[in-house]
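Asks: Protein chains in written order, with our numbering: chain A, 264 to 672; chain B, 201 to 351.
If you are wondering where the hints come from, they were derived from the structure by calculation, not from laboratory data. By construction, the Cβ of each residue, glycine as well, lies at the ideal position given by its N, Cα and C atoms. Among the hints, erroneous ones may be present.
The calculated DSS-like cross-link candidates involving lysine-lysine, where the alpha carbons are at most 27 Å apart (straight line), are [said to hold, decoys possible]: (1) Lys-669(A) / Lys-345(B); (2) Lys-507(A) / Lys-525(A); (3) Lys-455(A) / Lys-426(A); (4) Lys-216(B) / Lys-582(A); (5) Lys-582(A) / Lys-594(A); (6) Lys-507(A) / Lys-424(A); (7) Lys-586(A) / Lys-639(A); (8) Lys-345(B) / Lys-319(B); (9) Lys-639(A) / Lys-216(B); (10) Lys-318(A) / Lys-506(A); (11) Lys-586(A) / Lys-215(B); (12) Lys-525(A) / Lys-506(A); (13) Lys-669(A) / Lys-224(B); (14) Lys-318(A) / Lys-424(A); (15) Lys-586(A) / Lys-216(B); (16) Lys-582(A) / Lys-215(B); (17) Lys-426(A) / Lys-346(A); (18) Lys-296(B) / Lys-345(B); (19) Lys-568(A) / Lys-594(A); (20) Lys-318(A) / Lys-502(A); (21) Lys-568(A) / Lys-582(A); (22) Lys-224(B) / Lys-345(B); (23) Lys-639(A) / Lys-345(B); (24) Lys-669(A) / Lys-639(A); (25) Lys-319(B) / Lys-669(A); (26) Lys-253(B) / Lys-224(B); (27) Lys-568(A) / Lys-586(A); (28) Lys-639(A) / Lys-348(B); (29) Lys-296(B) / Lys-285(B); (30) Lys-586(A) / Lys-346(A).
Okay, the calculated beta carbon distance ranges per label pair [stated by the list, open to error]: (31) Ser-337(B) / His-386(A): 20 to 30 Å; (32) Ser-277(B) / Asp-636(A): 26 to 36 Å; (33) Asp-301(B) / Gly-320(A): 49 to 59 Å; (34) Asp-654(A) / Leu-236(B): 25 to 35 Å; (35) Met-312(A) / Gln-207(B): 50 to 60 Å; (36) Asp-310(A) / Glu-283(B): 49 to 59 Å; (37) Asn-316(A) / Gln-207(B): 33 to 43 Å; (38) Asp-301(B) / His-386(A): 34 to 44 Å.
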Amino acid sequence: MTFDSDSAADEFSIFRTCGKESALHYLDNAAMAQIPDRVIKAMVEHDTMRRSNVKRGVHRLAEAATEAFEGARARVAGYLGVKDPDEVIFTGGTTAGINILAHSLGLMFERNDEVLLSHIEHHSNIIPWQVIQQRQGIRVRYLPMTPDGRINLERAEDLIKSKTKIVAVTHGSNVTGAVTDARALARIAHAKGAFLMLDGAQTAPGGPLDLPGLEADFYLFSGHKAYGPTGTGVLWGRKDILKKIPPALGGGEMIQHVGLEKSTYLDPPHRFEAGTPAVTQAIGMAAALEWLSGQDLAGMHRHIKRLTLRIMEGLAGLKGSIKILGPEPGKERLPLVSFSVEGIHPHDICQVLNDRHGVALRGGFHCAQPLHDLLKLDGTTRASLAMYNNDKDVDAFLNGMEECLKILR
Amino acid sequence: MKEEIYQSQIIEWSKKTDHVAGLKNANCKATASNPLCGDRISVELELAGDVIKSMACQVRGCLLCKASGSILAERVSGLGIDEVKGICSRLEGALKASDDDPESFPEGYSMFFPVRLHKSRHSCVLLPFQAVITAVSEYRDSSDKKSKRQS
Numbered sequence: 264m265t266f267d268s269d270s271a272a273d274e275f276s277i278f279r280t281c282g283k284e285s286a287l288h289y290l291d292n293a294a295m296a297q298i299p300d301r302v303i304k305a306m307v308e309h310d311t312m313r314r315s316n317v318k319r320g321v322h323r324l325a326e327a328a329t330e331a332f333e334g335a336r337a338r339v340a341g342y343l344g345v346k347d348p349d350e351v352i353f354t355g356g357t358t359a360g361i362n363i364l365a366h367s368l369g370l371m372f373e374r375n376d377e378v379l380l381s382h383i384e385h386h387s388n389i390i391p392w393q394v395i396q397q398r399q400g401i402r403v404r405y406l407p408m409t410p411d412g413r414i415n416l417e418r419a420e421d422l423i424k425s426k427t428k429i430v431a432v433t434h435g436s437n438v439t440g441a442v443t444d445a446r447a448l449a450r451i452a453h454a455k456g457a458f459l460m461l462d463g464a465q466t467a468p469g470g471p472l473d474l475p476g477l478e479a480d481f482y483l484f485s486g487h488k489a490y491g492p493t494g495t496g497v498l499w500g501r502k503d504i505l506k507k508i509p510p511a512l513g514g515g516e517m518i519q520h521v522g523l524e525k526s527t528y529l530d531p532p533h534r535f536e537a538g539t540p541a542v543t544q545a546i547g548m549a550a551a552l553e554w555l556s557g558q559d560l561a562g563m564h565r566h567i568k569r570l571t572l573r574i575m576e577g578l579a580g581l582k583g584s585i586k587i588l589g590p591e592p593g594k595e596r597l598p599l600v601s602f603s604v605e606g607i608h609p610h611d612i613c614q615v616l617n618d619r620h621g622v623a624l625r626g627g628f629h630c631a632q633p634l635h636d637l638l639k640l641d642g643t644t645r646a647s648l649a650m651y652n653n654d655k656d657v658d659a660f661l662n663g664m665e666e667c668l669k670i671l672r
Numbered sequence: 201m202k203e204e205i206y207q208s209q210i211i212e213w214s215k216k217t218d219h220v221a222g223l224k225n226a227n228c229k230a231t232a233s234n235p236l237c238g239d240r241i242s243v244e245l246e247l248a249g250d251v252i253k254s255m256a257c258q259v260r261g262c263l264l265c266k267a268s269g270s271i272l273a274e275r276v277s278g279l280g281i282d283e284v285k286g287i288c289s290r291l292e293g294a295l296k297a298s299d300d301d302p303e304s305f306p307e308g309y310s311m312f313f314p315v316r317l318h319k320s321r322h323s324c325v326l327l328p329f330q331a332v333i334t335a336v337s338e339y340r341d342s343s344d345k346k347s348k349r350q351s
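Excised from the complex, chain A in its bound form (with noise of 0.2 Å):
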């Protein structure tokens, strides 16, 4: 089998449709991805042969979506790489998976306690935790970025006290793109008594994951960044720490006894599934990483490789003060390259390559202010890559941006 990005667009609608009318050169895939086909009719199919409300029915149909969302459970722990399929609890997303976590290991938080984050995190990294903090007189500190762009590790021996009940960070920036060394902030957390949580909005578009591998205890990510449907995202904790933890929210679904005064829960993953879930969308994300896993990785990532790297030497190359965030040319990095022009804002920028190139940008914070703060930048604009873009898209990204350089100075 070998990786063919055009083949690989064909899969989805959206590029022979849209592509058609007018040129769609997609370069915001760290935001969203684009949902291929076999996603959409596995949802379709669902929701027309099996569609009931899971676990609380006898009926036929009811079973049916019992087993077709439990099943899908155990598929994204096959994506994982982890054995049981009960430490994979179902989300919105990332960001509400990471509220569930910090809510509910919040409850077991007692004032100065601490939860150790980093400069490079998105806000639904940050923002959970300042909201225990002001609940609970917890104190959040954070892990310093390095001038490429990633989380400092060499401060994590002195910033991990006894004090620090988590250490919460990127996987992988969505602003600059640097992986976490895992395994060796996860030793130091650990050694040190301190859980491990891992946002993986970013690095689990990559492909099926080793999660035993990077020895974190949670792990958190997005469907629609995963070639999935919008509001399904995952919290995988590892089963013995998430038996230990209380529910944040309550309601059907996640209790085993209810009384009038007191209740007692599931064990994982209901009790942190209140309520009925996305059950039809929980399938749809399931297939959409199947699916995914059964590409050509090596080849999808040397092919992404050599785009991300066309990209930044293209930028390089263009006349204009043009400073890319991140790790250098040729060192690990996702397959996003941000980057901040002098004297031009970001949104000028993405208007003008959508206006005049077809090519779909995004310009802003991306959800990081603290980090653009830090660099001193009012924004930064982010191209981003996935399997269907091919060298017609960079070329009208590199042709857009010299013109816009031309236009806007």
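Assemble the complex: chain A is given as a structure, and chain B must be docked to it using the hints.
Replies: Relative to chain A, chain B alone:
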């Protein structure tokens, strides 16, 4: 009229720096920002009674916000805050309108006609107005409090 946003008129206005320097006699100021894109504008006003005598503004943001800020700074002298609110309201209405009529834009603002097709950019054009309205409103609140204390 062309639907191209970045016409020479807007680019020229965005580059004007006449109004950037702070005012000697400023008596009210405010900063407004758009968390979505990071546009941030700081305005200083010299207010005489209900009339704005002069305005300075500094924009850290996109070209549309800079151009809109420059135009407002140049045209605002002698206007009352209710007149500024009126222009803002007309401009917002024209941006949101589905009709293709550049004449519906307030005088001096028809260059923003193509922006109506890009809803996410409307706030870039309107942000300078918000800053001015906030500055005057906060100034009035603070003056009212002072008067109450004195009485």
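Asks: With reference to the structure, classify each hint as holding or not holding.
Replies: Against the structure, the hints:
no.	hint	verdict
1	Lys-669(A) / Lys-345(B)	52 Å, violated
2	Lys-507(A) / Lys-525(A)	18 Å, holds
3	Lys-455(A) / Lys-426(A)	9 Å, holds
4	Lys-216(B) / Lys-582(A)	24 Å, holds
5	Lys-582(A) / Lys-594(A)	24 Å, holds
6	Lys-507(A) / Lys-424(A)	22 Å, holds
7	Lys-586(A) / Lys-639(A)	12 Å, holds
8	Lys-345(B) / Lys-319(B)	38 Å, violated
9	Lys-639(A) / Lys-216(B)	23 Å, holds
10	Lys-318(A) / Lys-506(A)	20 Å, holds
11	Lys-586(A) / Lys-215(B)	22 Å, holds
12	Lys-525(A) / Lys-506(A)	18 Å, holds
13	Lys-669(A) / Lys-224(B)	37 Å, violated
14	Lys-318(A) / Lys-424(A)	42 Å, violated
15	Lys-586(A) / Lys-216(B)	25 Å, holds
16	Lys-582(A) / Lys-215(B)	20 Å, holds
17	Lys-426(A) / Lys-346(A)	31 Å, violated
18	Lys-296(B) / Lys-345(B)	37 Å, violated
19	Lys-568(A) / Lys-594(A)	11 Å, holds
20	Lys-318(A) / Lys-502(A)	21 Å, holds
21	Lys-568(A) / Lys-582(A)	24 Å, holds
22	Lys-224(B) / Lys-345(B)	24 Å, holds
23	Lys-639(A) / Lys-345(B)	37 Å, violated
24	Lys-669(A) / Lys-639(A)	25 Å, holds
25	Lys-319(B) / Lys-669(A)	25 Å, holds
26	Lys-253(B) / Lys-224(B)	12 Å, holds
27	Lys-568(A) / Lys-586(A)	20 Å, holds
28	Lys-639(A) / Lys-348(B)	42 Å, violated
29	Lys-296(B) / Lys-285(B)	16 Å, holds
30	Lys-586(A) / Lys-346(A)	43 Å, violated
31	Ser-337(B) / His-386(A): 20 to 30 Å	29 Å, holds
32	Ser-277(B) / Asp-636(A): 26 to 36 Å	35 Å, holds
33	Asp-301(B) / Gly-320(A): 49 to 59 Å	57 Å, holds
34	Asp-654(A) / Leu-236(B): 25 to 35 Å	32 Å, holds
35	Met-312(A) / Gln-207(B): 50 to 60 Å	54 Å, holds
36	Asp-310(A) / Glu-283(B): 49 to 59 Å	55 Å, holds
37	Asn-316(A) / Gln-207(B): 33 to 43 Å	56 Å, violated
38	Asp-301(B) / His-386(A): 34 to 44 Å	40 Å, holds
Going through the hint list in order, the structure does not satisfy hints 1, 8, 13, 14, 17, 18, 23, 28, 30, 37.
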